[in-house]
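Q: Take these sequences, add in the hints, and give me the full structure.
Protein sequences appear in the order of chains A and B.
Count along the first sequence from 1, then add 44; that gives the number in our numbering.
Count along the second sequence from 1, then add 12; that gives the number in our numbering.
Since the hints were derived computationally from the structure, they do not count as laboratory data.
Note that the coordinates shown come from a computational prediction; the quantities given were computed from them, not determined experimentally.
Incorrect hints may have been included.
As the list claims (entries may be wrong) - One side only, chain B facing chain A, incomplete, derived with CB under 7 Å:
hint: 1; residue: I22
hint: 2; residue: L62
hint: 3; residue: A70
hint: 4; residue: T240
hint: 5; residue: R254
Said to hold, decoys possible - Ranges between beta-carbon positions, derived for each pair:
hint: 6; chain 1: B; residue 1: E34; chain 2: A; residue 2: L114; range: 27 to 37 Å
hint: 7; chain 1: B; residue 1: E34; chain 2: A; residue 2: T152; range: 55 to 65 Å
hint: 8; chain 1: B; residue 1: V104; chain 2: A; residue 2: D131; range: 30 to 40 Å
hint: 9; chain 1: B; residue 1: E94; chain 2: A; residue 2: G162; range: 52 to 62 Å
hint: 10; chain 1: A; residue 1: I47; chain 2: B; residue 2: T30; range: 48 to 58 Å
hint: 11; chain 1: B; residue 1: A64; chain 2: A; residue 2: V101; range: 44 to 54 Å
Don't be surprised by glycine CBs; every beta carbon is placed ideally from N, CA and C.
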Amino acid sequence: MAITRGFFGRRPSEEEARRLPPGQYLERGFPVLSAGATPRVATDSWRFTLKVGPRPVKSWTWEAFNELPLTALKRDIHCVTKWSKFDTNWEGVTIDDVLADAGLAPPTDFVLAHAYDGYSTNVPFGDLTGDRAMVAIRYEGAPIAPDHGGPARLFVPHLYFWKSAKWLNALQFTERDEAGFWELRGYHMYGDPWREQRFTGD
Amino acid sequence: MEASVPGGRIAWQEVAVTRIVEQTPTVKSFFLMPQRWTSFVAGQHVDVRLTAPDGYQAERSYSVGSAPGAPEVELVIERLTEGEVSPFFHEVVMPGDAIEIRGPIGGHFVWRKEDGGPVLLVGGGSGVVPLMSMLRARAALAPDVPMALVYSARTVGDVIFRNEMLARAEAEPGFALHVAVTRETPADERFHAGRIDAALIGEVLAGLGGAPRHAYVCGSNPFVDAATGLLIDMGVRFETIRTERYGGEPAEGGTAPALPEE
Chain A
45 MAITRGFFGR RPSEEEARRL PPGQYLERGF PVLSAGATPR VATDSWRFTL
95 KVGPRPVKSW TWEAFNELPL TALKRDIHCV TKWSKFDTNW EGVTIDDVLA
145 DAGLAPPTDF VLAHAYDGYS TNVPFGDLTG DRAMVAIRYE GAPIAPDHGG
195 PARLFVPHLY FWKSAKWLNA LQFTERDEAG FWELRGYHMY GDPWREQRFT
245 GD
Chain B
13 MEASVPGGRI AWQEVAVTRI VEQTPTVKSF FLMPQRWTSF VAGQHVDVRL
63 TAPDGYQAER SYSVGSAPGA PEVELVIERL TEGEVSPFFH EVVMPGDAIE
113 IRGPIGGHFV WRKEDGGPVL LVGGGSGVVP LMSMLRARAA LAPDVPMALV
163 YSARTVGDVI FRNEMLARAE AEPGFALHVA VTRETPADER FHAGRIDAAL
213 IGEVLAGLGG APRHAYVCGS NPFVDAATGL LIDMGVRFET IRTERYGGEP
263 AEGGTAPALP EE
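A: Structural data, given as structure tokens:
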């Protein structure tokens with residue numbers, strides 16, 4: 045390891061250091077990064093669809109989706125641009141509750157999340173079940189702002205945050221693990237921050 | 013066309029800082045001489061890693077301002093008062109020092125000559141850095157591609173690459189420069205007074221001969237949101253706009269990368 049002349053750094057506290065994955069630093073704001081312009085999605089035209097391959101299994105309006113059971117999750121989040129933010133509070137519908145409402149048992153091990161702006165990202169189903177993930181519709185007690193992915197975004201906090209697709213409009217079960225938008229552009233297929241899986245080959 | 017990071021791990025490498033150039037009172041360019049630097053595409057960034065004597069490390073991402081094929085890699089770093097890494101670069105780093113980088117990285121906020129044009133670049137503050145790489149790439153590789161840069165800075169003194177931009181605007185047919193200065197009324201008539209607005213974008217689009225084939229917008233999140241909203245209102249297609257947003261409060265990492273989410 046090459047020591048950088050004159051660099052001493054500003055260390056996080058012991059507790060912060062324990063919660064920061066390798067290469068990450070603690071951010072107190074909430075930076076926004078996205079590939080393009082922010083789509084404005086009105087809740088009265090919003091639709092969320094669950095698919096198996098090309099086949100739609102069930103579609104929800106905003107009103108219908110809001111009748112599903114809400115789960116609250118408090119989690120640390122980690123962006124591949126190197127910031128982490130602790131104790132963020134989200135509310136939404138777990139993927140298990142989405143499947144239950146559709147009467148669907150997981151037909152494959154792989155899911156591709158799709159978004160209104162054409163974005164997509166892959167997550168293994170095993171990472172979406174239980175209280176590890178949800179379709180989030182509220183952040184810190186309020187509707188999610190458009191630049192943070194509102195009306196609804198995927199929330200998978202144990203993976204780098206590009207997996208938590210903004211402006212979510214579909215979850216699709218796929219036969220194989222299919223690369224999404226960033227995964228096709230050199231980013232890791234899985235994206236575990238604790239193993240620092242930032243790029244293909246990491 | 014999208015660039016991609018080739019398969020295989022992108023390795024860290026130690027690079028020498030060859031030169032440091034002050035761009036503005038808060039922005040400096042750091043020129044690096046990497047041992048390996050292949051397949052760089054304008055708009056990409058690098059990860060930088062610093063190591064303290066006890067092994068503590070800090071990593072940040074910085075945009076590259078130099079063009080593909082340039083002999084040195086130019087990182088342009090804004091000093092952020094609250095930052096951990098940018099003050100170190102500004103106050104401690106000297107020519108001859110070594111730092112670690114890995115890259116180039118990023119496959120979305122990039123422009124290659126095959127992508128063609130017309131190209132509209134919109135930058136706020138240090139968000140101009142990856143756009144400068146594209147401008148330089150155009151001059152070197154594709155001078156026939158129409159390209160316009162709309163750049164917002166607080167004062168004339170805060171305009172990064174000011175002399176080079178003005179010289180290029182004079183010398184390069186097909187390149188149009190529009191610098192908007194928001195916090196003073198510039199005496200020099202080559203600068204617009206005020207924010208980037210619909211009238212200015214209208215003028216730029218007319219100069220480009222209509223909506224661009226590719227638009228790249230880079231700056232703070234509020235800047236990018238305002239600018240992309242304006243472009244869409246003025247008829248630029250959503251699908252043609254690529255953005256790179258940086259900042260947080262307090263942001264670190266001078267210019268942040270064209271990276272996934274958030």
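Q: Against each hint, give a clear statement of whether it holds in the structure.
A: Taking the hints in turn, this is what the structure says about them:
Proximity of B/I22 to chain A holds as hinted, the smallest CB-CB distance being about 6 Å (cut-off 7 Å). Checking B/L62 against chain A by beta carbon gives a least distance of about 4 Å; that is within 7 Å, so the hint holds. This hint holds: B/A70 has a C-beta 5 Å from the nearest C-beta of chain A, less than the 7 Å allowed. Given the 7 Å rule on beta carbons, the hint for B/T240 holds: about 4 Å separates it from the nearest Cβ of chain A.
Interface restraint check: B/R254 against chain A, minimum CB-CB distance 6 Å, threshold 7 Å, status holds. Taken as a hint, the range 27 to 37 Å is violated for the pair B/E34 and A/L114, whose Cβ atoms sit roughly 53 Å apart. Our hint of 55 to 65 Å for B/E34 and A/T152 holds, since their Cβ atoms are close to 56 Å apart. For the hinted restraint 30 to 40 Å between B/V104 and A/D131, the CB-CB distance of approximately 33 Å keeps it satisfied.
At about 36 Å, the beta-carbon gap between B/E94 and A/G162 misses the expected band of 52 to 62 Å. A hinted range of 48 to 58 Å for the beta carbons of A/I47 and B/T30 is inconsistent with their spacing of about 20 Å. Checking the proposed 44 to 54 Å range against B/A64 and A/V101 shows it holds: the Cβ atoms sit about 53 Å from each other.
Violated hints, in rising order: 6, 9, 10; the structure is consistent with all others.
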